[in-house]
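These are the residues of each chain, in order.
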Amino acid sequence: MRNIHKLAIATMALVCYFWISSLQPVAAMHIMEGFLPLKWAIFWWVLAIPFIAAGVRSIQKTMKQHPETKMMLGLAGAFTFVLSALKIPSVTGSSSHPTGVGLGTVLFGPLAMTVLGTIVLLFQALLLAHGGLTTLGANAFSMAVAGPLITYAVYKGCRKLHISFAAAVFLSAFFGDLGTYTVTSFQLALAFPAEVGGVFASFAKFAGIFSLTQVSLAVCEGILTVIVMNWLMKYNENELKLLSIVGKGA
Amino acid sequence: MKNILLFMLVVLLAAAPLVMNRAAEFNGADGEAEEAITEINPDYTPWFDALWEPPSGEVESLLFVLQAAVGALFIGYFIGAGRMKKKLEEKAAERLQ
Numbered sequence: 005m006r007n008i009h010k011l012a013i014a015t016m017a018l019v020c021y022f023w024i025s026s027l028q029p030v031a032a033m034h035i036m037e038g039f040l041p042l043k044w045a046i047f048w049w050v051l052a053i054p055f056i057a058a059g060v061r062s063i064q065k066t067m068k069q070h071p072e073t074k075m076m077l078g079l080a081g082a083f084t085f086v087l088s089a090l091k092i093p094s095v096t097g098s099s100s101h102p103t104g105v106g107l108g109t110v111l112f113g114p115l116a117m118t119v120l121g122t123i124v125l126l127f128q129a130l131l132l133a134h135g136g137l138t139t140l141g142a143n144a145f146s147m148a149v150a151g152p153l154i155t156y157a158v159y160k161g162c163r164k165l166h167i168s169f170a171a172a173v174f175l176s177a178f179f180g181d182l183g184t185y186t187v188t189s190f191q192l193a194l195a196f197p198a199e200v201g202g203v204f205a206s207f208a209k210f211a212g213i214f215s216l217t218q219v220s221l222a223v224c225e226g227i228l229t230v231i232v233m234n235w236l237m238k239y240n241e242n243e244l245k246l247l248s249i250v251g252k253g254a
Numbered sequence: 014m015k016n017i018l019l020f021m022l023v024v025l026l027a028a029a030p031l032v033m034n035r036a037a038e039f040n041g042a043d044g045e046a047e048e049a050i051t052e053i054n055p056d057y058t059p060w061f062d063a064l065w066e067p068p069s070g071e072v073e074s075l076l077f078v079l080q081a082a083v084g085a086l087f088i089g090y091f092i093g094a095g096r097m098k099k100k101l102e103e104k105a106a107e108r109l110q
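Residue numbers (this note's numbering), protein chains in the order written: chain A, 5 to 254; chain B, 14 to 110.
Simulated from the structure, these hints should not be mistaken for laboratory data.
A hint or two may mislead.
[As the list claims (entries may be wrong)] With a cut-off of at most 25 angstroms between alpha-carbon atoms, the simulated DSS-like pairs for lysine-lysine come out as follows:
no.: 1; chain 1: A; residue 1: K245; chain 2: A; residue 2: K43
no.: 2; chain 1: A; residue 1: K65; chain 2: B; residue 2: K100
no.: 3; chain 1: B; residue 1: K99; chain 2: A; residue 2: K164
no.: 4; chain 1: B; residue 1: K99; chain 2: A; residue 2: K245
no.: 5; chain 1: B; residue 1: K98; chain 2: B; residue 2: K15
no.: 6; chain 1: A; residue 1: K245; chain 2: B; residue 2: K98
Just so it is clear, the structure is predicted and the values come from calculations on it, not from any experiment.
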């Protein structure tokens, strides 16, 4: 309970902070179709593909070792599916959406989420004209490769520092979400360096825009991930033990 | 109980901007990112168009809702199934004693 109070106070403080600080209405979610020059589109595709291939192998391995966790893999996918469909208004006056890759990363590792995240992005590109096929490589790299990797690093770091499980889950999902959009800004900056100041100036521009909008969403994402994880701890302890999230391996 | 409080916090976080920032339009940000790009590089034209686009905002929101609903359905089923399984296991254990 006391933790929740602390969290509530911290959240309100953040909200007030962003209320007071300047309101900038520009932000972005995925990079839109055709909005990356061809060479960058190819570059990010080439970078993303090995991770996707490794992800397929990682999932196959987990499913062979622990077939009982198949449904839970579905859950990780469903969670990303829901969260990336939620366009939530942010304090900056525009809307963006969380990524939802944190849950699956903690459960199945970063590589497995590369595959699930890319599938969700593909669905959105084809059916919703949200993101795109040419930019799928770049979007997959930010949301399905970099996001899970950052999440995983933060999670492992927290566990090493003996931070509580719930806090570790929250922080890792939070930073995974923010990291995804930082990488997106970086991708845009590389493709569109400013005339004055080059890549760095562009990055500052895009990142300034993004991170502000995304902070409150990242908090939402962290909390939602903790909620689902609480349920799993309560009802699905066996599977968590198999994946060594709790018990001896943790 | 803890989860309900946490969930209320999420709702609050999502609703607060609407109250605090009434003048804002809360545009989906992809369009605005395009603007930022055009600002940096006015000559840039997208070289590839989406293969298919939802014909209207209504159809688009329908698809987004379907996406969220399908995912939420699965999550609900999974949690419900897990809860029931645990209950049955506990009952079976009681009977054995």
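Hints that the structure is at odds with (numbers, increasing): Structure breaks hints 1, 2, 3.
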